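*Asks:* So you can see what is in the structure, the chains are spelled out below.
4 protein chains.
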Amino acid sequence: MNCKSTIFFLFVMVLILTSFQVYAAEQQEKSAILIAAFGTSYHEAAISIENVVKAAQKAFPEYTVVLSYGSRTIRKILKDRDGIIIDSPISALAKLADEGYTSIIVQPLQIMSGSEFHEILSITNAFAMMKDPHSKPIFSRIVIGSPLLTTEADYEKAVIALEEEMKQYTSKEGDVFVLVGHGTEHPANSCYSQLQNILQKHYGPKVFVGTIEGYPSIEDILLQLKNVDAQRVTLKTFMLVAGDHARNDIAGDEADSWKTVLKKSGYEVQTTLEGLGENDKFVQIWIDHIRDRLSEQ
Amino acid sequence: MNCKSTIFFLFVMVLILTSFQVYAAEQQEKSAILIAAFGTSYHEAAISIENVVKAAQKAFPEYTVVLSYGSRTIRKILKDRDGIIIDSPISALAKLADEGYTSIIVQPLQIMSGSEFHEILSITNAFAMMKDPHSKPIFSRIVIGSPLLTTEADYEKAVIALEEEMKQYTSKEGDVFVLVGHGTEHPANSCYSQLQNILQKHYGPKVFVGTIEGYPSIEDILLQLKNVDAQRVTLKTFMLVAGDHARNDIAGDEADSWKTVLKKSGYEVQTTLEGLGENDKFVQIWIDHIRDRLSEQ
Amino acid sequence: MNCKSTIFFLFVMVLILTSFQVYAAEQQEKSAILIAAFGTSYHEAAISIENVVKAAQKAFPEYTVVLSYGSRTIRKILKDRDGIIIDSPISALAKLADEGYTSIIVQPLQIMSGSEFHEILSITNAFAMMKDPHSKPIFSRIVIGSPLLTTEADYEKAVIALEEEMKQYTSKEGDVFVLVGHGTEHPANSCYSQLQNILQKHYGPKVFVGTIEGYPSIEDILLQLKNVDAQRVTLKTFMLVAGDHARNDIAGDEADSWKTVLKKSGYEVQTTLEGLGENDKFVQIWIDHIRDRLSEQ
Amino acid sequence: MNCKSTIFFLFVMVLILTSFQVYAAEQQEKSAILIAAFGTSYHEAAISIENVVKAAQKAFPEYTVVLSYGSRTIRKILKDRDGIIIDSPISALAKLADEGYTSIIVQPLQIMSGSEFHEILSITNAFAMMKDPHSKPIFSRIVIGSPLLTTEADYEKAVIALEEEMKQYTSKEGDVFVLVGHGTEHPANSCYSQLQNILQKHYGPKVFVGTIEGYPSIEDILLQLKNVDAQRVTLKTFMLVAGDHARNDIAGDEADSWKTVLKKSGYEVQTTLEGLGENDKFVQIWIDHIRDRLSEQ
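Chains as they are written, first to last, in our numbering: chain S, 601 to 897; chain A, 601 to 897; chain H, 601 to 897; chain R, 601 to 897.
Keep in mind the hints are simulated off the structure, nothing from the lab. None of these values were measured; they are calculated from a predicted model. Don't take each hint at face value.
Intra- or inter-copy, both count: the list cannot distinguish identical chains.
The calculated BS3-like cross-link candidates involving lysine-lysine, where the alpha carbons are at most 25 Å apart (straight line), are [claimed, not checked]: (1) K826 - K767; (2) K654 - K767; (3) K801 - K864; (4) K676 - K863; (5) K801 - K863; (6) K676 - K630; (7) K801 - K658.
One chain only, chain S, in its complex shape (with noise of 0.2 Å):
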């Protein structure tokens, strides 16, 4: 073989081998993100929720970027009330199933893995069962991504995220700043105690993580304050949406909200209405935790 036709030869492989990666390409094109939030009927607080999935659209551009609320309750209100539809994420996967996506990554907006998100779970592991006539997976790829807190390093991000509002709220001697998360009876509940001991690791016995439904409960914090001879506490709400928890359990009137049982406990007590998701911060680990996912692709 002469050089000419060797130079040929080669060029001729090389413009099969580009077909062959056009043609993978055009076939696996159509990818798609879907953000599993719980959910919220209060308008205000959905912003926190929006900022997750703006900063997902921009994050990704080449993927389409759809939403789900989780929480049948919420969608029945806002559709009867407000006239708004949100998918489940049943409903936003088959809908994804129907138009032709290929490539699902499902991010779940919980700050843990938890009842809810391994609900999600179930539902992204059945999606990945399903098959076409030929036997072939309806997605070739569906996979989710991890909670807000999972690894060591998403801690250490938590702690970066929160450094401005210590610094706002433990400025003075007495102050003390409370984060109030959700809670729940599952195990993976434990993350509030592993995010207050990192927490105090880097910023001391300031920073108090409490629970509306798991451990520590609010008598769990209030014997803690006392160790600690606290004067002012700020509260502010541990989950993504600051909604009928953060307005009604943490900072209301009511006689067993946080903020009444601290200020009768003696405390002068001030609450933050803000959600995770107001915080950039928060939302990056969301972000990274999809990004963990593409990179692995």
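Add chains A, H and R to chain S, keeping to what the hints say.
*Replies:* For chains A, H and R alone, coordinates are given in the frame of chain S:
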């Protein structure tokens, strides 16, 4: 314990057991039947599918009956051409889940458990795996009904369902009746040979079963026709719906249609454009298969 | 970078890439084939199974070939009567997992994808789901081979495999050859009718296929024999192994054996006690099915 | 209906219902508990595992109790060095299936639902999917028990189980008690922080929980010890078994063992070589978790 108190005790027991049952019935009240057809884009052929839906609604009035089309191509044609939206099986099940249905029977309208049946089976099994946040199945019961030709009894019912047409189309010397099924590479394709075997047991070698895409092919049927000295052939579509295949591949005027090929081979040919769903006795087999699943509850 | 250092750099790159490949090969090296038979308690019949095992070992010398018996009853007889222990499919796979095998082909020796094939399929699928602590599958690959009669090509191979016996047993006027399969209530039972259909296409109406427990029954075969004016019938077991069914239900002297019933109906009857595993051409079909899975890797 | 006949009718009803129950009990009679430990190659440490097995056999005498070791390395050491064969979880379940057991409780001896728990979970779920030829599950029931620290009640039981050692090792000013767990990258690692949180709630800041491979590390514990003015540290292994990690990583004389590092940091250090399985109160938590599953039946 005297007689009166014994009666009272037993009476209370019965009351308790009964109330459990009432409670259980209330809990399970939203039940649906999903009729899962492949679909058709021919309006005049859709009657076959509508007949099954109507028969199911009549037979099981306490159930919500919904319809899905499995073919993405047909759904797209209906939507783009006619503005008609029919759900995919996944979307239909997603909606039932969203609306709080808990007990589902999926009845595919396939002839046998081939590729498309297995698609619906994989979707049904996937929905059976989905769990709510309390780790309870989203559908407390979701099962799939059998395709048309499953048990030996089904084949016997098909024999009876074809009785009138056998009389009509094979009354004269030289008459033969040829059923033409879709056919598939899937091993379940063997149902066509078993159907012919059982039909010939009852009606003798005046009836044959061929397929468009599987075994026996038109060449195989031509060989068999020679052995029986046939002169006049009536072609009948052995598919739920007499749609595209019936109108073109079987009864069309193209050079390679069954009608043309048989005519060229010297046979007098007539065709009957009726889907199996236009014969109440075939519809009844699918309805029986729904009832089989209901009775297992 | 001068020429020498460029060469050295490329040399090192090649070394690195090569060692990766060697490492990968080492990681994946333990591969096995599990031959999953129903089993037999007749030593003289076991040769059919042994032939498949030997043929697999000869065809795929780089694979470990292991054997399992699915029937608990047969395993118990062999153990209690003869002290012979043959693993169940679950135990055989468990041992392969324990010994660090990572790539498995399960080849069932069933005739068609009926009840026993689906048992092995469910076990294979279950092992495919097992994960190690790193969430990696315990078997990086575990797939199941097709049963004997799956594609149309398989049926054609069966036609050829029976060629010599057709000549031997149907050379004279009035000779017919009847294959007797196990038969099942499972819809896959229709394979027997398709086999007869294809055999008659090649050999004419001198060959029939009946079953002990499915359709066509002996009564159905008697009806068909009348139509062809048969006088002498040779009965052959259409099962992997000529065990209990062959020796008693088919060729036995009991009042309801096929031999007795056919004799009473006036036929001259001879039987051939050979399992399909004693015919190399049938063995080869199963070996081809293993090769199909290997080539998909 | 008079009084007598009413009583008779109800009596018959009760008899029928009772006999159903007896029948059901007979059908389900072969039940087993699989104790799934990671395993140890230290004979003197194996007592922790044996204690759980004995306690399970004592608590549930009607069940067959079997033991498996999950670690392939440890099984290999035991086999090669001592000729002792202990089944893997897969092999143990395979044998139970072969022997006709139909109801299985798998109780892993893990501390939390981390990587190794999920391995056992995937194996348990896989066995739950296996079906016999009649499409019935091979095990009519197979469920998994919770790891040691699952519910808040489990943590409270752990607090009580450690009461005596708290008294013994923290009676003097400057005494602290440090539990050292294995630790993991898995998010379930947060259980250690929750355990410390709950222990400190009861016993004050005299008790700490660190880990070898997760958070908190020895450096994190050193920071916390500084804050409480500790002088004497007692190190206790917070693992089922005081094996390799306990003897080397915690209490060993190597430069990087916890004992050595703490000594170098100026603390007086003593170690206690006891696995959690040597404390009946910890054993009881796992036994309670088996009982939880039994009571759900």
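*Asks:* Are the CA atoms of K801 and K864 at most 25 Å apart within a copy, between copies, both, or neither?
*Replies:* For K801 and K864, only the inter-copy Cα distance (22 Å) is at most 25 Å; the intra-copy one is 30 Å.
*Asks:* Are the CA atoms of K826 and K767 at most 25 Å apart within a copy, between copies, both, or neither?
*Replies:* So K826 and K767 pass the 25 Å test inside a copy (22 Å) and across (24 Å) alike.
*Asks:* One pair to classify: K801 and K863, alpha carbons no more than 25 Å apart. Within, between, both, or neither?
*Replies:* Answer is between; shortest inter-copy Cα gap is 22 Å, intra-copy 27 Å.
*Asks:* Within, between, both or neither: how does the pair K676, K863 come out at a Cα-Cα threshold of 25 Å?
*Replies:* Neither. Shortest intra-copy (36 Å) and inter-copy (62 Å) distances fail the 25 Å Cα cut-off.
*Asks:* Measure nothing new, just compare the shortest in-copy and cross-copy C-alpha distances for K676 and K630 to 25 Å and report within, between, both or neither.
*Replies:* between (30 Å within a copy, 17 Å between copies)
*Asks:* Go through the copies and call it for K654 and K767: within, between, both or neither, with a Cα cutoff of 25 Å.
*Replies:* neither (28 Å within a copy, 55 Å between copies)
*Asks:* Is it within a copy, between copies, both, or neither that the alpha carbon of K801 lies no farther than 25 Å from that of K658?
*Replies:* neither (34 Å within a copy, 45 Å between copies)
Hints 2, 4 and 7 from the earlier list are contradicted by this structure; the remaining hints agree with it.
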